[in-house]
Amino acid sequence: MTSRFSKGGKLIDRTKRLSFNFNGKNLFAYSGDTLASALLANNQLLIGRSFKYHRPRGIVSSGIEEPNALISLGSGGNFEPNRSATTIELFDGVKATSQNHLGSLEWDIGSVNNLISKIFPAGFYYKTFIYPRFAWKHIFEPTIRSAAGLGKAPKEEDSSSYDYFYAHLDVVIIGGGITGLVAANNLAKSGLKILLVEQKHFLGGYALSEEFKINNSNSFEFIKNLENELSDFENIRVKKNFSIIGIHDHSYLIGSENMEQMERNGQSSVRQRLWRIRAKHVILATGAIERPLVFAGNDIPGVMLCSAALEFYKLYGVSPGDRVVVLTNNDSAYSSVIELFNAGISVPLVIDVREKSDGNLPLKAKKLGIRVEFSKAISKVIGKKKVKAVELCSVVGEGAVLETIICDSVLMSGGWTSTLNLWSHCGGKIKWDSKLNTLVPDESFPSINEFGRSFITVLGSADGKFWPSDLFANIEKKLNILYSELNLKKTKTIRYDIDKSIKGETSSIFCVPEAADENLKAKSFVDYQNDVKLTDLRIAAQEGFESVEHLKRYTTLGMATDQGKLSNINGIKILANLLGKEINEVGTTTFRPPYTPISLGSIAGEARKELFKPIRRTPIHNWHQENGAIFEPVADWQRPYAYVGNNETLEQAIQREVKNTRNALGMLDASTLGKIIVSGSDAGVFLDLIYTNMMSSLKPGRCRYGLMCNENGFLFDDGVVVRLDEKTFLCHTTTGGSDRVYSWMEEWHQTEWWDKKVFIQNVTEEYTQITIAGPKARLLLEKLGGLKVDNVNFKPLDFFEGKLGNFEARVFRISFSGELSFEIAVPSKNGIAFWMRCLELGRELGLTPYGTEALHIMRAEKGFIMIGDETDGTVIPQDLNLEWAISKKKRDFIGKRAHERIFMQDTNRKTLVGLSLKNSTKKIPDGAYALKSGGKSAKDVLGHITSSYFSPTLDKPIAMALLKNGKALKGQIVDIPIENGNILKATVVEPQFYDIEGKRQNV
Amino acid sequence: MSDIMVYSNSLFNISALDHFGMLIIRAEINNRKFQKIIKDFFKLKVPSRLKISTNKNFYLAWMSPNEIMVITKNQDEIKTIKSSIENDLDQMEALVLDVSSSRTIFSIKGSFWRELLAKGSPINLFPSKFNSDSFRRTRLGQVSTAFWMIKEDEIYILCGQSYKYFFFKWLCNAADEKSINKFF
Amino acid sequence: MLKFICPYCQVEADETELTPGGEAHLKRMGPGSSDQEFYNYLFERKNPRGIHFERWLHSYGCGKWFHVVRCTKTMEVFGTYSAQETNPPKKILDIVKHRISSGKKIK
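Chains as they are written, first to last, in this note's numbering: chain A, 635 to 1637; chain B, 57 to 240; chain C, 554 to 660.
No lab work stands behind these hints: they were computed from the structure.
Given the structure is predicted, the values throughout are model-derived calculations rather than measurements.
Positions of the beta carbon are idealized from the N, C-alpha and C atoms, including for glycine.
Mixed in with the good hints there might be a few duds.
[Claimed, not checked] Incomplete in silico selection of chain A near chain B, CB under 8 Å:
#, residue
1, Lys827
2, Ser903
3, Leu1245
4, Glu1400
5, Gln1539
6, Asp1540
[Said to hold, decoys possible] Taking lysine-lysine and the DSSO-like style, the derived pairs with C-alpha atoms no more than 27 Å apart in a straight line are:
#, chain 1, residue 1, chain 2, residue 2
7, C, Lys650, A, Lys1522
8, A, Lys1544, A, Lys1590
9, A, Lys914, B, Lys107
10, A, Lys1566, A, Lys1619
11, B, Lys138, A, Lys827
12, A, Lys1361, A, Lys1524
13, A, Lys729, B, Lys234
14, A, Lys1019, A, Lys786
15, A, Lys1361, B, Lys135
16, A, Lys786, A, Lys1018
17, C, Lys580, A, Lys1391
18, A, Lys873, A, Lys827
19, A, Lys1598, A, Lys1619
20, A, Lys1123, B, Lys185
21, A, Lys1437, B, Lys135
22, A, Lys827, B, Lys89
23, A, Lys1530, C, Lys580
24, A, Lys1573, A, Lys1598
25, B, Lys135, A, Lys1391
26, A, Lys1463, B, Lys129
27, A, Lys1437, B, Lys107
28, A, Lys1463, B, Lys138
29, A, Lys914, C, Lys626
[As the list claims (entries may be wrong)] Over 12 Å on every C-beta distance to chain B, these chain A residues come out as not near it, computed from the model:
#, residue
30, Asp883
31, Gly1138
32, Met1538
33, Lys1633
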């Protein structure tokens, strides 16, 4: 059984007991434990079930590479699935639940798959569930989904907060193991701004567990000293619980800082912080991960990596078992063996697949009296939910059993793989070094920065240097290169005195026994989390999946949440063996971000709920809100759609607002309309190029409706242009167009017509603009005072600037409703005061504010177009009968050349018409199709409805449509199919329905 | 209906300031004549790139190669200033606009303002890169802003008037004491 | 995540402060151009795997357009210059030439 030693454990504080809950059981642990060490201390070996076969699985590693021990953490708003138990620093009261089992963890109904696992080989899903077609959606997929899968999705909203942080640094050192710490120590005096990050909750890495002699002390003491020294440097920041998850172009790093512990104990309101870092240089001190060996039963709970067992013992005082058998292909496993043996654990046998080893460590183990068998392997592990024994066999051969050894734990070591994911995120290549038996960075194809220079230095075991003396030699050599690259003065090299005697070789044998029979191969797991076995890889290779990338997708090797941190190399080596190729010929899969999974919450950061997206408000917003406004979003703005009174429906409110404006007086908050100043001696000439109309001929003090097209000739914005004075124009745009049109003008000015002397300024927010419309509009302006508003002194399209009552104002006589109408702009600071003044003076005139829907209805009654309704990015002004707004005199304007294309003059283009319905009270659905009368098929489609309303003024539905050769259809009947097979019959009419002569606005 | 925007906690005091007047002056700001007119008028040099210059009455901020912004501490003067400077620049290709209503200035008091800004702005905020006379236009979260230092422990942030409610909420959220990173 | 030095501000602007504007140095075809010329101007765009001349806007900044020469494969940046330059400056072209000839695998 696994248990806690009575003493020891460098990271735990035995004076602080924590309680936690696993699958409903209350258990105890110590402060400093990870969930994994705590579970092992409580003899909880079985942690979860595998993805496909629901096989019992236990903890195999002690870090982020863990494929098995995935658990769900927390509950309610704190619930998070698929967390790896080895990376959770335990806190008091934590609730953890195992995943992926039907029924209990111990008795999983789904594990029936075990019996039929032979019919679930590689590509099983692709091959089996193709026919009958309908069955996938209705039978196969739902069944598979309920059986497979990991943790459940959270049901409640995430109760935690998340944050971003942007940082600029000279050097980021990734990895707080001995290599990273030594690198930081060497660079400390350079004055460079350095960030050192460590993904675990402690510094020192594996050197805390696998101790060695350095500078007359041991690595543990050495690390503690380094930590202390570094904290004195102003220019160095050290962060734990911090993973760099991606390195991107132009040396952009994404980091994820986990502050779960601080959130729990109330020190932080943020659970995770997403760092966005620009670094001039990156040092990868990411270390290495021990590889498993591939043998039958290597997934049974109790089989663990040697390094994990050593960490659990040294850091947390936890034993991996009472009787431990070790299987290795290298010397490093012996340091674990010696430590565990010295701790009093029984080690009946070390099985070494190599023929011999002359290293110091095996020698030392033998001297201690530990039985070591060379050229041997494990035929299979016996046990179901935990290890009971192993069967010893010869490395060569099929696995005939030589001896059965009773044990409760199997430790394995298949050599080490340098962690180089981050080296290749940004294009760096990696290669297999068969001498070192690991991946190494291919320095001739590095990740490069914007200057075309390599910006990543790989140090230590990440560079394939696993033994202390090699590692320190590597650090010294590579830092020297870095000094010259960063143009740093070489400071005195810090000398390290290292024990050079410990060294050893790793064998290339990892899959044992070498000629294992089918039964053994079918139990030899390569990828634990996705249940990929030796036999699956063989089938894939036989079926022709020779590329690693194909093999991976076909078998799902390395595609689980651990991204194959343990399995990839073994998988590639197996494929290479099967194909009889070198590993470098087979190639490696591409490492992509994120290196470790991060939560969606941290990607969203603070942008949730009311901070999700910027909202723009006019100065009248609060009044709208307090007076029953229903808002609609228009671009980023919130505009009142209608003001709903106490005793009316929304529909009634809209009808009332229209009628009131037509019969008395209405008022609209039009502040959101874009307002752009174009000023300078060439302003007129410039606007002639921007608008289809002639703007240079506009007289100061006058307004003109203008259209803007893009280079393709399509209409994209409209609005009233006012000439404020000789050199200054004020261009109104649509609400959605204010920023777009401003940028558009700037772009043309800066990049094409920079010879034109103009300045362009967006003044949209400077003014609160209010429309006063209705037969009594003039009376209100008279009451405000200061302006002669009779039809002679202030004609349609006139403009006035001066005092309106006590308000500095600009008044434009323009109408979008068809009524007598004035638009009044006052500085936004006075916006609400002016609005209130109008309300006060207008009360006896029956003044009522109206919203955007009433505005839309009134403009549609008049046949005025709306950008976005009548236009869709394929409509030219001519389609909307707006030829009158296109200057014939101008040599050039944006869109003119496009209009000259022959198909723009095709009479069959869709043109704007009105539609009239007889004896109907219901409006035509927006966007409905219009067909030839009696038409049935797609070729009979004439066009679609662009705007449709029930007109309160005319008491009937009205609509506008874009129909093929619309002009020729006047007076004809068209069919409009609606739901349930019904067809509306509509007559094509002129697209003006009310006051066609424009008498009302010109009074 | 008043829009009182004030927030404070143990680290920060945030408030919207309404008393400033603001002018935009567009012209070729490297032009010697222009520089002289500005200097004579405001008793301040035209700020160099990414800088803000200040005296007891005005701030002059570099906006772009052909734009500076004038911020007056007394809003009531802005009309007079506008017409006088417009007059002085009459012979030049220039545009002067009153934008006092267009923008809102937020004051953030508290020595951890760098930590707060670094939550939303991708720029380098180390004191060696952003200091007492720096003026930077950038984004904070999703909002277009510009900011500069008033004192060691106070910063002003400009944002568009229509965004001020949203931005105020963003600032208050970012100012949460227990979310402040101790990085700078 | 790219970053470019805005030639007006001289700041290293983050990609999130910028807006891309596609291929640079297009010659506008207005009235009087042939259909083919106009078509090419409007729709034909280079999309090289290698050296590319681009337009970018410092939108969360000074609001100015500028030109960038970069390699779309390696993301190397060779220089930025004003939007009012109708041709890439020789200085930048020399940098491109130098870096390619110095053995950098760009194409």
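Verification of the supplied hints:
no.: 1; hint: Lys827; verdict: holds, 7 Å
no.: 2; hint: Ser903; verdict: holds, 4 Å
no.: 3; hint: Leu1245; verdict: holds, 6 Å
no.: 4; hint: Glu1400; verdict: holds, 4 Å
no.: 5; hint: Gln1539; verdict: violated, 40 Å
no.: 6; hint: Asp1540; verdict: violated, 43 Å
no.: 7; hint: Lys650/C <-> Lys1522/A; verdict: violated, 49 Å
no.: 8; hint: Lys1544/A <-> Lys1590/A; verdict: holds, 25 Å
no.: 9; hint: Lys914/A <-> Lys107/B; verdict: holds, 25 Å
no.: 10; hint: Lys1566/A <-> Lys1619/A; verdict: holds, 10 Å
no.: 11; hint: Lys138/B <-> Lys827/A; verdict: violated, 46 Å
no.: 12; hint: Lys1361/A <-> Lys1524/A; verdict: holds, 20 Å
no.: 13; hint: Lys729/A <-> Lys234/B; verdict: holds, 24 Å
no.: 14; hint: Lys1019/A <-> Lys786/A; verdict: holds, 24 Å
no.: 15; hint: Lys1361/A <-> Lys135/B; verdict: holds, 20 Å
no.: 16; hint: Lys786/A <-> Lys1018/A; verdict: holds, 26 Å
no.: 17; hint: Lys580/C <-> Lys1391/A; verdict: holds, 21 Å
no.: 18; hint: Lys873/A <-> Lys827/A; verdict: holds, 14 Å
no.: 19; hint: Lys1598/A <-> Lys1619/A; verdict: holds, 17 Å
no.: 20; hint: Lys1123/A <-> Lys185/B; verdict: holds, 23 Å
no.: 21; hint: Lys1437/A <-> Lys135/B; verdict: holds, 14 Å
no.: 22; hint: Lys827/A <-> Lys89/B; verdict: violated, 43 Å
no.: 23; hint: Lys1530/A <-> Lys580/C; verdict: holds, 16 Å
no.: 24; hint: Lys1573/A <-> Lys1598/A; verdict: holds, 12 Å
no.: 25; hint: Lys135/B <-> Lys1391/A; verdict: holds, 25 Å
no.: 26; hint: Lys1463/A <-> Lys129/B; verdict: holds, 16 Å
no.: 27; hint: Lys1437/A <-> Lys107/B; verdict: violated, 38 Å
no.: 28; hint: Lys1463/A <-> Lys138/B; verdict: holds, 17 Å
no.: 29; hint: Lys914/A <-> Lys626/C; verdict: holds, 20 Å
no.: 30; hint: Asp883; verdict: holds, 14 Å
no.: 31; hint: Gly1138; verdict: holds, 43 Å
no.: 32; hint: Met1538; verdict: holds, 37 Å
no.: 33; hint: Lys1633; verdict: holds, 37 Å
Of the numbered hints stated above, those contradicted by the structure are hints 5, 6, 7, 11, 22 and 27, listed in ascending order.
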